[in-house]
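Trainee: Those protein sequences? They're chains A and B, same order as listed.
Just so you know, we're using the UniProt record's numbering here: the first sequence kicks off at 1 and counts up by one.
Just so you know, we're using the UniProt record's numbering here: the second sequence kicks off at 1 and counts up by one.
Be aware that a few hints might be false.
[Said to hold, decoys possible] Pulled a few chain A residues facing chain B out of the computed Cβ check, cut under 7 Å:
#1 Arg102
#2 Lys110
#3 Gln156
#4 Leu160
#5 Ile168
#6 Asn247
#7 Phe371
#8 Tyr377
#9 Gly378
#10 Leu379
#11 Ser403
#12 Lys405
#13 Ile407
#14 Phe409
[Unchecked claim] Residues from chain B that keep clear of chain A, each with C-beta distances beyond 10 Å, as calculated:
#15 Glu266
#16 Glu270
#17 Arg356
Derived from the structure by calculation, the hints contain no laboratory data.
Idealized CB from N, CA, C, for every residue including glycine.
There are 2 protein chains.
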Amino acid sequence: MDIKAYMQQVGRQARAASRLMAKADTQTKNQALNAIADALLRDADTLLAANKRDMDQAHELEPAMLDRLLITSQTIESMAAGLRQIASLPDPVGEMGDFKFRPSGIQLGKMRVPLGVIGIIYEARPNVTADAAGLCIKSGNATILRGGREAFYCNQAIALCVSEGLKIAGLPATAVQIIETPDRAAVGELITMCKFVDVIVPRGGKSLTARIAADARVPVIKHLDGICHVYIDDEADPVKAIAISDNAKTHRYGTCNTMETLLVHETVAELILPPLAAIYAAKGVELRGCAKTLAVLPHTNAATEEDWATEYLAPILAIKIVSDLDEAIEHINTWGSHHTDAIVTENYTKSRQFLREVDSSSVMVNASTRFADGFEYGLGAEIGISTDKIHARGPVGLNGLTSEKWIVFGNGEIRR
Amino acid sequence: MDIKAYMQQVGRQARAASRLMAKADTQTKNQALNAIADALLRDADTLLAANKRDMDQAHELEPAMLDRLLITSQTIESMAAGLRQIASLPDPVGEMGDFKFRPSGIQLGKMRVPLGVIGIIYEARPNVTADAAGLCIKSGNATILRGGREAFYCNQAIALCVSEGLKIAGLPATAVQIIETPDRAAVGELITMCKFVDVIVPRGGKSLTARIAADARVPVIKHLDGICHVYIDDEADPVKAIAISDNAKTHRYGTCNTMETLLVHETVAELILPPLAAIYAAKGVELRGCAKTLAVLPHTNAATEEDWATEYLAPILAIKIVSDLDEAIEHINTWGSHHTDAIVTENYTKSRQFLREVDSSSVMVNASTRFADGFEYGLGAEIGISTDKIHARGPVGLNGLTSEKWIVFGNGEIRR
Chain A
1 MDIKAYMQQV
11 GRQARAASRL
21 MAKADTQTKN
31 QALNAIADAL
41 LRDADTLLAA
51 NKRDMDQAHE
61 LEPAMLDRLL
71 ITSQTIESMA
81 AGLRQIASLP
91 DPVGEMGDFK
101 FRPSGIQLGK
111 MRVPLGVIGI
121 IYEARPNVTA
131 DAAGLCIKSG
141 NATILRGGRE
151 AFYCNQAIAL
161 CVSEGLKIAG
171 LPATAVQIIE
181 TPDRAAVGEL
191 ITMCKFVDVI
201 VPRGGKSLTA
211 RIAADARVPV
221 IKHLDGICHV
231 YIDDEADPVK
241 AIAISDNAKT
251 HRYGTCNTME
261 TLLVHETVAE
271 LILPPLAAIY
281 AAKGVELRGC
291 AKTLAVLPHT
301 NAATEEDWAT
311 EYLAPILAIK
321 IVSDLDEAIE
331 HINTWGSHHT
341 DAIVTENYTK
351 SRQFLREVDS
361 SSVMVNASTR
371 FADGFEYGLG
381 AEIGISTDKI
391 HARGPVGLNG
401 LTSEKWIVFG
411 NGEIRR
Chain B
1 MDIKAYMQQV
11 GRQARAASRL
21 MAKADTQTKN
31 QALNAIADAL
41 LRDADTLLAA
51 NKRDMDQAHE
61 LEPAMLDRLL
71 ITSQTIESMA
81 AGLRQIASLP
91 DPVGEMGDFK
101 FRPSGIQLGK
111 MRVPLGVIGI
121 IYEARPNVTA
131 DAAGLCIKSG
141 NATILRGGRE
151 AFYCNQAIAL
161 CVSEGLKIAG
171 LPATAVQIIE
181 TPDRAAVGEL
191 ITMCKFVDVI
201 VPRGGKSLTA
211 RIAADARVPV
221 IKHLDGICHV
231 YIDDEADPVK
241 AIAISDNAKT
251 HRYGTCNTME
261 TLLVHETVAE
271 LILPPLAAIY
281 AAKGVELRGC
291 AKTLAVLPHT
301 NAATEEDWAT
311 EYLAPILAIK
321 IVSDLDEAIE
331 HINTWGSHHT
341 DAIVTENYTK
351 SRQFLREVDS
361 SSVMVNASTR
371 FADGFEYGLG
381 AEIGISTDKI
391 HARGPVGLNG
401 LTSEKWIVFG
411 NGEIRR
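Construct the entire structure; sequences and hints are all you get.
Mentor: What follows is the structure, given as structure tokens:
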């Protein structure tokens, strides 16, 4: 198989399909989404059998990866429900607004438009195949999907349902293409075909994302670390401070919006840290503290600089006591990953300073960092969470897969 | 000189300065802009002398480049006026909006924030140095400027004024740094220092931009071709059609928003083309037509496929007769550069189809393509016109140099 020729063909088809998707109306796109959901439910047994075939060959995967590869009847139901939910969201494409007259007489505004062709590279997680296809269809884009090869058979089975749904709605089946070869060279082509691909979204571990970002010529919407902080100010409400710090760390350990470092103002450390440490101890969370923390919590392990830069994704928490808000902000901007950071305070001026100066995609006052995701933000679904500053920051939903063009309404105006 | 070490130092300083710029208030930034304007006017003689030194050494430049390198008293006055105009624009940084309550109780909105550090690479045009510095200061960014080496002395003189103005306002002089070495390796470092640079804006010819885009690891906001079209529909008002087609081509030949290809519906070609051809002939515009055009305008040169893909930047116009709106849109999306395209029509439905389906950064109805620039759009000034789809499309002003972060106001909410 000539990988380059194959990928060029996939790219050309995607570009052609993207033009048709861009002009598809809302009802047509929703019809496709609902038809795909119907097909997935109807073919549940086929999907489960394909997934079993994948699982049988995936002995070498780690347990966490196997867990993501496995689908059940419930997974299929939730894929279908996800597609129906995307169908129920407002269509961002063609939204217009901000029309103002200019002194020349022209009336200037903006229209929301699809990006074009979106390449998505992800691990062996079949549910991502359905989610990503759904988001790209609704946002009027064509997409090229490259899932982990361990999910090959299940992805192919899902792809049949997707292409059936597209055809039922009269949309091109090539609007969603799944790369058929396990050859890694296909990824190299995908991320460099600027002529055919407008943006790449890698979904997976940091090393996969970093490698793709380093080699891509196509723009990448990427998510690297989630090193999130909660800062407990000296004017924090202790009840909110403890509830938020508990929730941000222990609600789920493996998510990118989980708190990894807790910052505490020195004047409230003795008040807040002991009861909080008791909660963490009861839940089996290992604490690693700075020198000042060890003075308050003597039986705690010492943190090193490396801890400030680590995304544990595990029941481990770094704690640092700071002498003021400026030191907290400086720590977050230096060691954080510009993902999600929260302050707990009752002080109006300090809350404004934190919001303004913390350079992260989500900045919160008196709320758990765990809220930073597409569902909680009402985006309906997310293709990922961007830690970039260009184009999209934070959870990327339908709007993040679109752009805006300028619209001019004239009446024969010419430039003088 | 160790270029890598030098550029790392420049980058580190820019990153540090960007933090201070991000939190600078509107009044402070405006004070700096006005102080720079004052210094430029005061040092006019020094600037002119430095520019003379540059001009004396620039024998090898083409006349058009020499023209851009030359500054006069008037250039200096207009640089100063430009900076004062930027000072008078609303500050985009810190703008907040769209706050809505979510079912969880959190209130979610967005805040506009600077991108951070912006690298600008441009030709030997001293006025760009002042414009770019002004836009970056107002938008709360730090910037690293790399101008054409032929403008070395003049850029250094402008840089002194910029750094004086920053200091007067209490802002870091390193917020605007001009690369001091003519060594090209400095550009290679600038466009790959992802740790210190958030976005690169190349301003110059297509080959410069394409080379930078190919080698950059930092995201690039780029402008490639301006192959703009006017399509005269069969339901066009002939008076508007002729005025717009004249203006879009002949108002200025060398600008990126100048029309390069005229598309005409076949049923009005015999009505519109002869009088239009007479206007073009009187202004010395060479016409190159498709086969159908040659039947209407027999003394015209024949166009080849290459003409559809050429940005002439000269008094040359390609003309194609099409049989309907679909063919016009197909031609524009295939051969255009996604910059600016206009339809002339009185038909409501066709105007909507054109606006929706033409995939360009500016799409117009009954107006000249020449309106597509930052001043006409009311952005006050522009750092360039983006033909990308990601982040910023079309004229890039202050808002294009910013991003938005999510803001959450809570009252102790935790995720259930």
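Trainee: Next step is simple, just say for each hint if it's right about the structure.
Mentor: Going through the hints against the structure:
1. Here the hint on arginine 102(A) is kept, as its CB sits about 6 Å from the closest CB of chain B, short of 7 Å.
2. Taking 7 Å as the C-beta contact cut-off toward chain B, the hint placing lysine 110(A) at the interface is violated, the least distance being around 9 Å.
3. Against a cut-off of 7 Å between C-beta atoms, the interface hint on glutamine 156(A) is violated, since the closest Cβ of chain B lies about 30 Å away.
4. At about 30 Å, the closest approach between the beta carbon of leucine 160(A) and any beta carbon in chain B exceeds 7 Å, and the interface hint on this residue is violated.
5. A hinted interface residue such as isoleucine 168(A) counts as satisfied when its beta carbon comes closer than 7 Å to some beta carbon of chain B; here the least separation is about 23 Å, so the hint is violated.
6. The interface hint given for asparagine 247(A) is met, as the beta carbon of that residue sits about 4 Å from the closest beta carbon of chain B, less than 7 Å.
7. Contact between phenylalanine 371(A) and chain B, as hinted, is supported at the beta carbon level, the nearest pair being about 6 Å apart and thus within 7 Å.
8. With its C-beta approaching chain B no nearer than about 6 Å, tyrosine 377(A) sits inside the 7 Å limit, and its interface hint holds.
9. Because the smallest distance between the Cβ of glycine 378(A) and any Cβ of chain B comes to about 6 Å, under 7 Å, the interface hint for this residue holds.
10. Taking 7 Å as the C-beta cut-off, the interface hint given for leucine 379(A) is violated, the closest approach to chain B being about 10 Å.
11. Of the supplied interface hints, the one on serine 403(A) holds, with its beta-carbon coming within about 5 Å of a beta-carbon of chain B, less than 7 Å.
12. For lysine 405(A), the interface hint holds, the least distance from its beta-carbon to any beta-carbon of chain B being 6 Å, beneath 7 Å.
13. Contact between isoleucine 407(A) and chain B, as hinted, is supported at the beta carbon level, the nearest pair being about 6 Å apart and thus within 7 Å.
14. Using the Cβ-Cβ criterion of 7 Å, the hint placing phenylalanine 409(A) at the interface with chain B is satisfied: the shortest such distance is roughly 6 Å.
15. The Cβ of glutamate 266(B) lies farther than 10 Å from every Cβ of chain A, with a closest approach of about 22 Å, so its non-interface assignment holds.
16. For glutamate 270(B), the non-interface assignment is confirmed: its Cβ lies about 22 Å from the closest Cβ of chain A, beyond the 10 Å cut-off.
17. With a closest Cβ-Cβ approach of about 6 Å to chain A, arginine 356(B) is found to fall inside the 10 Å limit, against its non-interface label.
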